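Asks: Protein sequences, first through last, are from chains A and B.
My numbering puts the first residue of the first sequence at 1, with every later residue one more than the last.
My numbering puts the first residue of the second sequence at 1001, with every later residue one more than the last.
None of the hints are false.
Here are some chain A residues the structure puts well away from chain B; computed CB gaps all over 10 Å:
hint: 1; residue: Asn35
hint: 2; residue: Asp55
hint: 3; residue: Ala88
hint: 4; residue: Gly152
According to the in silico footprint, chain B covers these stretches of chain A (three or more CB under 8 Å from chain B):
hint: 5; region: 45–51
hint: 6; region: 123–132
hint: 7; region: 164–177
If you're looking for bench data, these hints aren't it; they were derived computationally from the structure.
All of these numbers come straight from a predicted model, not from anything done at the bench.
From the three backbone atoms N, C-alpha and C, an ideal C-beta is built for every residue, glycine too.
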Amino acid sequence: MNKFKRLTLLCGHYGSGKTNVAVNLAFYLKEQYNNVVVADLDIVNPYFRTKDSIDDFKARGIELICSQYTNTNVDIPALPANMYRLTADKDITAVIDVGGDDRGAYALGRLVPEIKAENNFDMLMVINGYRPLTPDAESTVEVMREIETACGLEFTGLVNNSNIGEETTAEDIIKSIGYANEVSQASGLPIVMTSVKRELYDGLKNKIDNLLPMTLQAKPV
Amino acid sequence: MADKILMKGNEAIAEAAIKAGCMHYFGYPITPQTEVAAYMAKRMPKIGGCFLQAESEIAAINMVYGVASTGKRVMTSSSSPGISLKSEGLSYLAGSDLPALIVNVQRGGPGLGGIQPSQADYFQATKGGGHGDFKMIVLAPSSVQEMADLTVKGFDLADKYRMPTMLLADGTMGQMMEPVSLDYEVKETVDKPWATTGTKMEREHNIVTSLFLKPDELEDLVVERYERYKVVEENEVMYEEYMMDDADICIAAFGIAARVAKNAINEARKQGIKVGLIRPITLWPFPVAPFKKAADKVKEIISVELSMGQMIEDVRLACECKVPVTLCSRTGGMIPSPEQVLEAITRANGGAK
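The shape of chain A in the complex, shown without the other chains (with noise of 0.2 Å):
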């Protein structure tokens, strides 16, 4: 895959699997860096959390910057005081992973005076064709649109993370590069990178460009 800024922002659509790319990113990067923080910045979704990740980070030495109340079912909007580290301190590489839609990209608008000052940063549009509010580039570039306007940040690039979950078959990716390319030349970003659940990912490393494998961190009921 190509080289990675400082920061890799995760933006995207209600449930277009930031989250899931944010830890499997995080892993991926945690082989290059040695500073690898994972921040949480989700004001919009009490569950599903980075946090439910931790043991996984713990075990890399991958830190975690989220709220003290992520997890603890305290269901207010909350962001963490440490998170002015992630533009403080430029020693080390993060992953950002920002709440859904435009609601949950206003809490990122604090820290983008400091981001663009730096600019030192991928701004990353997480994308899923197969999820109902956003099956074509038109429905995709208008949540991209709402997103950069309330955070006051432009998108750099695109993460086709197109799946319909534990069913999905290395047949649902391939059907979803037509789409990608098209949010692609909509928005006139590049893919920088599709991602997929391990499983698949032998079978599709030599049709797809810049793949990354990623362990689910939600278990199947």
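Could you slot chain B onto chain A? The hints should help.
Replies: Then chain B, alone, in the frame of chain A:
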């Protein structure tokens, strides 16, 4: 692209409602059902429908009453504490013979409780849900696909029997994501000559009310309503049986508990224990017949629930105390594990190996 899309249970309810012709939604946000309202807020303006975030749950249910009076399909959704607030409105809907779909994505209680999943509103849903003599049809989905399918079914049943229908899900069902197909051909076939749609000076006024000051008149109306409930009980019972053919032990479970139970049953079968599942899909009308039948051939029925044991009372009534009915449950937002259910199965089978 695939025929299926990836949806949260809450989103599936919202989209299925729209597909069923529901163009009016009134609600108030509460975890873990907020995505229903959020989805409606995005979709309704695009299709010329009405999304309105009311000032309270009480306001929302009374807006539902208003739209239902006009014969249009209408829905509200909430989670446990919010449903308690709606209970006055539910009674008024029933007392006025109005069809509507009410969604309860349950969380732990009582009181404000917590935000984790629960099935402890079973009594509230199936034994009335408000004051006075009345019933609601209560549907209990066990997958994201069923969240959608039973939403459509709920509108149909509500219209057919002129009564409020409740979709009783839980936080897990609302939050989990699964592939779904929403390929419905929806047809609204029920005439609503009672609806307040304007007389055009061509007919008498239709009056929608639950106020009847003459007791004999009110009695007649309630008795007539109960005749209709009898028809529902005869015709609309839904349930699933899993591995019941040769079962010595029967699990009773609905919703998320049934999924946990299936995992435990599969494991028990590997150990040679003959255990099956009866999963009520309609909680009212309750599937009495399959439990009555099971009571003649199994040695124990285990009710697996996310409560201190509520459905267990209906299971006991259904099997007329012919076999022991025991409880395997967690409450307060906790979910029984497959291991816990397997342990109960092993005990019922005659102790641990």
